[in-house]
Amino acid sequence: MTSLPMWRRYARFFGADPGADVKDELRFHLDAKTDDLISQGWTPSEARREAERQFGDLKGVQKIGTQMGQRMERRKRFSDYGRDVRQDIHYTFRTLSRDPGFAAVSILILALAIGANIAVFSVVNTLLLRPLPFPNSHELVWIAPPPTGCGLSCATYSADAYEEFRDQSRAYQGVTGYEAFTTPDNFRLAGRGEPQPATGIEVVANFFQVLGVRPDMGRLFTPEESRGPHPVALLTNAYWRRQFASDPSIVGKAIELSGTPFTVIGVLPDAFDFGAVFSPGAKVDLFVPLDLDRERMWGNIVTLIGRLKPGVTVAQALDDANRVAPNIYFNTKYPQTLGRYKGNLIPGSLKDYVTGKLRRSLIALWCAVGAILLIAGVNLSNLLLARAAARAKEFAVRGALGASRGRIVRQLLMESLVLSGFGALLGLGLAFAVVRWLAHQGSVALPLLSALRIDGQAMGWTVLIAISTAMIFGLLPGLRIASGNLNDILKDSGAGAGLGRKHERLRAALVISEIALACMLLVSAGLLLQSFLRVLDVDLGFQPEHAASINVEYDDSAPNNEASIAKRSEIFQQVLERVSTIPGVEAAGIADYLPLGPNRDWDTPVPQGKTFVPGQYPDPLVYVITPGFIRAMGIHLRGRDFTWADGPHSERVVMINVSAARTYWPGEDAVGKILMRDKEEDHVVAVVDDVREESVEQRTAAQIYYPAIQQGPSSAHLVVRSSLPPATLGPSVLRALRELNPNQPAAEFQPIRTIVDRAVSPRRFFMLLVAAFAGLGLALAALGIYGVISYSVTQKTQEIGVRMALGATAGRVQRDVTLGTLRLAGWGIIVGTIASLASVRLIASLLFSTSPWDATTYFGMLLLLLVVALLSGYLPAKRASSIHPMVALRNQ
Amino acid sequence: MDSSRLEFLRGSLDVLILKALVWGPLHGYAITSLIRRHSEDALLVEEGTLYPALWRLENKGLLEAEWGLSENNRKAKFYRLTPEGRRQLRNEVKTWEAYAAAVAKVLSATQPPEPEKIA
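If you read the sequences in order, they're chains D and Z.
The opening residue of the first sequence carries number 121 in our numbering; numbering runs sequentially from there.
The opening residue of the second sequence carries number 1441 in our numbering; numbering runs sequentially from there.
FYI, nobody ran anything at the bench for these hints, they're computed from the structure.
Just so it is clear, CB atoms sit at the ideal spot from N, CA and C, and this is done for glycine as well.
It is possible that part of the hints are untrue.
With the C-beta cut set under 10 Å, the calculated list includes, among others, these residues of chain D facing chain Z [said to hold, decoys possible]: (1) Asp155; (2) Asp156; (3) Asp177; (4) Val181; (5) Gln182; (6) Ile184; (7) Met188; (8) Gly189; (9) Met192.
The shape of chain Z in the complex, shown without the other chains (with noise of 0.2 Å):
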């Protein structure tokens, strides 16, 4: 499978933003690579929609920016989360583990359902 080809399900990026700065406050670049790192090479996020994406999530209130000096004393913009985006990865990740598992279910079938009975 090539994995930078790797399509993100719809709303999965805001996600596994949240996730990337629960540990703290990351700048852009970090968190494309921790997503990398944890996903093993897996999920390359693009720098096209990872941006637009952060901008998002701190308009909406659920990041917060700041600019401070990366380790190699760049000036870079940090992104933290808020109470409310804390939350919001909480609900998220109970939502995507539900979808996840329900997914799993399907996909590893091995026989037609029973007919549902009509009452």
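Chain D on its own, in the form it takes in the complex (with noise of 0.2 Å):
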């Protein structure tokens, strides 16, 4: 075989065709063999007919040839490309191997960035897209009056109410509810050695059954164990493991709860948590059924929970309570109370109460660590181009030597996809280790964060953002280097031109985009710590410092009213004298409930001589408290403290708050007068300081103080005012309840200052959160900045060295150095003042008591970003004057 000329191979010039190849071969073997039959004595016409009769179907083999050929075609190209890829892959490796600071750095730039996204998609993932953890939870409605200032206390109803809308209703497949008003550690397990407080939430006995929750073991409530008193319970799987050690036995053992055999029916699944969904941040150990019959006397306490028949919608659910809501009693042995619901049955998503008001919040962190995506792309951005342009001559060179700019524009983006790769696998390390973290916060009050992990989607999201990274922000260095001129690059000389102007200008819009982005998210913090300090700042209406409280358990049972009162008041006149005794002790008092948790409403005092028209008075949270708690607490107070005088056959006293002295007396002192409670006549003795109850957020409505020796407390919680840390007060006040009642359970002698740390708690979460994320992107813009304005100090090396030939002093060069800085952190936040002034309607319903314009923060984290920009930019100023005129022109 002889080789083709060189004119004759380019005869594929426009590329492979396979039909063709087939058709030249075929005609070859025919010209050949007529030749041979020539040879062997035929004439040229006969041979050729001869040929083609041999030959046979010319046709099939020629389609046969030419569907092969295309076959093989594709899978060449196919393989072609894989190669390619192969060999892009390998060249980035060594690349970057050989420059592994560049690698290290953006690889941790990338980690961290993606890592943060990874874990704030989890929270949204879990709190937001998630459906809550039961089935058909979309079928899930928590039904409750229009918001307003009460809270719980307002969105509960009397055992009549709830079982009238249960029967009337048509939209639900079945409605339950619990005790709301349960205060932790309500109950005292006895009979295992020390006894142990646990918390116990009275449910409606088809709860489980209406949520779709079945039990691991044993059997729910049945309807019957909801009328009269059934001493069952059921266990959550954490008590199980942890107060029984899993016994597998425990169903049908008695347990001993406050004094009453219970019986154990059944432990709940681990994937049901109560406090996640319900009340967040609280551990509950064990639920019994809620007695209707016993509860009918009682007020508001059970909260409306419904599931919707298949395909009723929330909107039909509504005007079906509408139409029901005037037929329901308060109390149906009270024909008055008829109709006190209209307007107050309102279903709404279970999903929606859960976690509705937390929306926004992970909206705007969200949009914050999309934003440190964006300056971390953005700064990879910047050092690919800065590298780039140190290779424009590489690239000029495998361009002359025939790689296609489609190549080297993959090759650039296969760089950027291997350093999001690695990125993205140690910002799953880093998301990780943050959700982990996170999940086991119990002390945030943030609903269903114990079910936070890292799931397939999260995974999916992380495949999508470090993708999607990789392509923006390593396609635009690319198709720079991609564009440029191979001819100029090649004849350019040294590091110096080239692609040099037009570069630093993009360089200089990607820095300045990454100093506005910093500058709204700074400003977003600096809003967000403005109002944390704020709330810090409320006046609570009492003094946390200094305060401890422990639940202190009691025995009051007694055959009658007046037998129970005397003997509540020897026992917490007993426990008060004991603790005051102890040194350091400087305040005690009791109180059934504490402020900033749950609490509930009697009914409506009117004062003396008005009359009672619905609506115009204020249903006042009620506290139940013994003398000397209003001064444990802290609390302000104007008129005098109850004593034990005020006791069942004295005068009855009340105190009530600012807010609801204004609004039964505006204008009037309301110590002395007197408030209706139907017959009953409540001498107010002194106005206390409204005190923050629902949250520290919210403005208080009314309160009302009953004394514990005229009205009954539901519980005991003792207050401690001294100045021993309660680390070492616990233990002497532990000791001497004990003395007092050996039953008394080691209950947790807890600061009052957590009780509002936990009421704070989602705002320093989500404070901290996007602290957290102003920073991260503040260093990274400052790396930003420094990586400019040093590659631009290297690139004028030349041209400072023959300014400092020419005169210019060293102080001169690094004002110009340092004034570039300037120039673009000065752009960069009037872009990014702009951006934020526009955008930050945004968090504006996140804030408290701050004005989203609030001048003072706007200057500080503008001067603070001046400052870290002025100090990024330092360095290569510095470098820039000590450069020696003569070594920079040597260098040339």
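From the two separate chains plus the hints, produce the assembled complex.
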């Protein structure tokens, strides 16, 4: 075989053509055969015919050949592509390993940004996107009045109202509820060593059936267990494991709860977390059936949760509720209570109730990490651009050797893909750690936090952001390089000229956008921080410092109310006397509910001499307290405190808060006035400050305090004021309580401060996260500034050298570089401020008594940004001023 | 025996093509004539089966093709054995020889086999 001459090789210049190849090959065969036949003596035309006859189905063979050829061509193209990709990856690893500093910095930047994004995505996914952890959870609704100031105590209904609503409504498969005013550690588990406190929730018997929770072991409550006393209990999985060492035969055993034997009828699944859904931050140990018959005498205590019939919408359920509401009694024994719930039975999705309030915070958080990703991406883009400029020659050479532009862009994209791939891996690791940590933050009162994990969706999100980051930020430098003129670059000498100017403008634009984004983050973080500080500054109405509380177990059961009061009075007086003698204790008192927790209201007192018009007077929140409590909590009081003489036979006395006083007797002094509850006269002996009730951030409505020996408290929280740390004081207080009552469980001695901390924990949580992101954004922006200025100094080495040779001083050079930094920062801050002003509306609703245009915050944050910018420009400026003219010129 | 009618046993054409190429690259026409001459005109390869067989072997990576010039300066597609093809040929030859020997043994038998002993 002889090689084809050069010119004939161009036959397939416009790409492979399998069909033509086959035709050529077969034609050659016929020609050769014809030649042979002619040489055997055939005439040319006959020889040709004979050759064709011998060949047979020429067209058929040709067709087979063309098809096979095309298939081969396709395969070849595919394997070529694969080889190219392999080559690109190989090459990428080689280039990156040649510059490990660059690779490490980029991967770290990306890991931080991607990690933050995954973690926040997981939070958003768990709290907002994923359905609640119940089967068909979209059918579940929370039924409550329209939102008002009084939180849970308004969002509850009487036992009669619950039953009427359940029986008359047509929209539900089932309606259930739970007792909303349970305080932590309301049970005492005895009979197993030292008495242990336990938290039990009373639920309507069909609670778990309506939610769709099945027990891991045993059975659920039956409907009749909500009528009359039934000492049965369901254990949560965690409690069963912790307290009963996962006893496999626990079902059917009796446990002693607060002196009564209860039969354990089942253990709930681990996946069911009551606190996570209904009471964020709370830990629940067990459930007992709510005795509706007993509760009939009490006020509004049951929350309403319904499961809609399939296909029924929330709007239809609302129509249904509006139809039913006028026929519902507060108490069926009292006809005048008919229709009290008119307009106060509003079903809404349970999911919205649980996480709806967080939607804005979470979206803001999501935006913040999105901005971080953008900053990181711009940074990466910038780094790649700087490298690309330094590698311009390498690409030019590759181009000259035949690499197509597409190939070079692909190579650069591959580099950013590899970087972001590693970044994503590392980021995933970071996110895992962060999410694990967050899931165990029991003290943060955020719903569903314990269900937080990195799942398949989060992984998918990771892949998505890793690839899109690489694409967006790898493409820009790639296109930049590919559009450069090869010839110019090859002619240029050194790192200096060529793409220089255009490049620098692009990089400056990128840095300005980075600074602008960081500026937006900083302003948001600043505003949230300001809000948080304002929240901490809120006058709670009490002094949380130097006070702590413990749950006191007492038994005031007696044949009649009078005996019970006498017993309770004696117990409480003994407790307070004993505790007061402990050295260091300044004040002590007992209340049945503490501030910033759940509470209830009883009825609607009316000032004496005024007539009751429905809706005119509030239902005040009720506290039943002993003498000394007001002082122990540090509540400011005008008038006199209760005394032990305010007993069952003396004049009825109350204290009211400032808000209540203002409503009842506007412009008058309430002390000495009388409040009427039906026929009963309550003498107001003092007006106390408003105590923050539902949350630190909400104003308080009317509050009323009754003495514990005139009214029945529902539990006893002993509050002790002392300058001693709670850890030292706790054991002696517990010892004192044990001496009086051996059954006193080893309850936690909890500083009041922690109650406040828990109440502000969601805000602190978001503020810290946004602040962390802002810090990260600032650091990345600083890195970007440093990179650009430092690069431009390197590029201008010669120019600076010449200028210094011509007499420019070091200070002058340094000033010029610093001015360059300032110019970048200035533009960034201007753009960022405008963008912040425009977008701050998004977080306006998250702020607390802080204007979204708070000048101090803006000024402070901009100043911070400017200082950081100057610092990051300082090093390159220093370097520029120390350039020696001779060295610079010689290095040419 | 009508030589042109001699049917190829399935798969034997492939091994013949591989064998034809051991001495160097050839185009399709040269392969047919080589096989014809080596078999002393007993085996006539039909074009309708030769070319698809060549393309199939090329597709499998046993052959590779290149355009070149024939003896009388025509552009022709030359096939060459790849290392893979050479290996394949060695195996096929071994199989073929074993097969041929077995067939020959049976065909040259003169008496029925001894009855098999059943253990």
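Hints and how they fare:
1. A cut of 10 Å between beta carbons decides the hint on Asp155 (chain D): the least distance to chain Z is about 7 Å, and the hint holds.
2. Hint status for Asp156 (chain D) relative to chain Z: holds, with the closest Cβ pair at about 8 Å, below 10 Å.
3. For Asp177 (chain D), the shortest C-beta to C-beta distance to chain Z is roughly 6 Å, which falls under 10 Å, so the interface hint holds.
4. Given the 10 Å rule on beta carbons, the hint for Val181 (chain D) holds: about 5 Å separates it from the nearest Cβ of chain Z.
5. Checking Gln182 (chain D) against chain Z by beta carbon gives a least distance of about 9 Å; that is within 10 Å, so the hint holds.
6. Annotation: Ile184 (chain D) was flagged as interfacial toward chain Z, and the flag holds, the nearest CB pair being 5 Å apart, inside 10 Å.
7. Proximity of Met188 (chain D) to chain Z holds as hinted, the smallest CB-CB distance being about 5 Å (cut-off 10 Å).
8. The closest approach between the C-beta of Gly189 (chain D) and any C-beta of chain Z is roughly 7 Å, which is under the 10 Å cut-off, so the hint is satisfied.
9. Annotation: interface hint on Met192 (chain D) holds; nearest CB of chain Z at approximately 6 Å, less than 10 Å.
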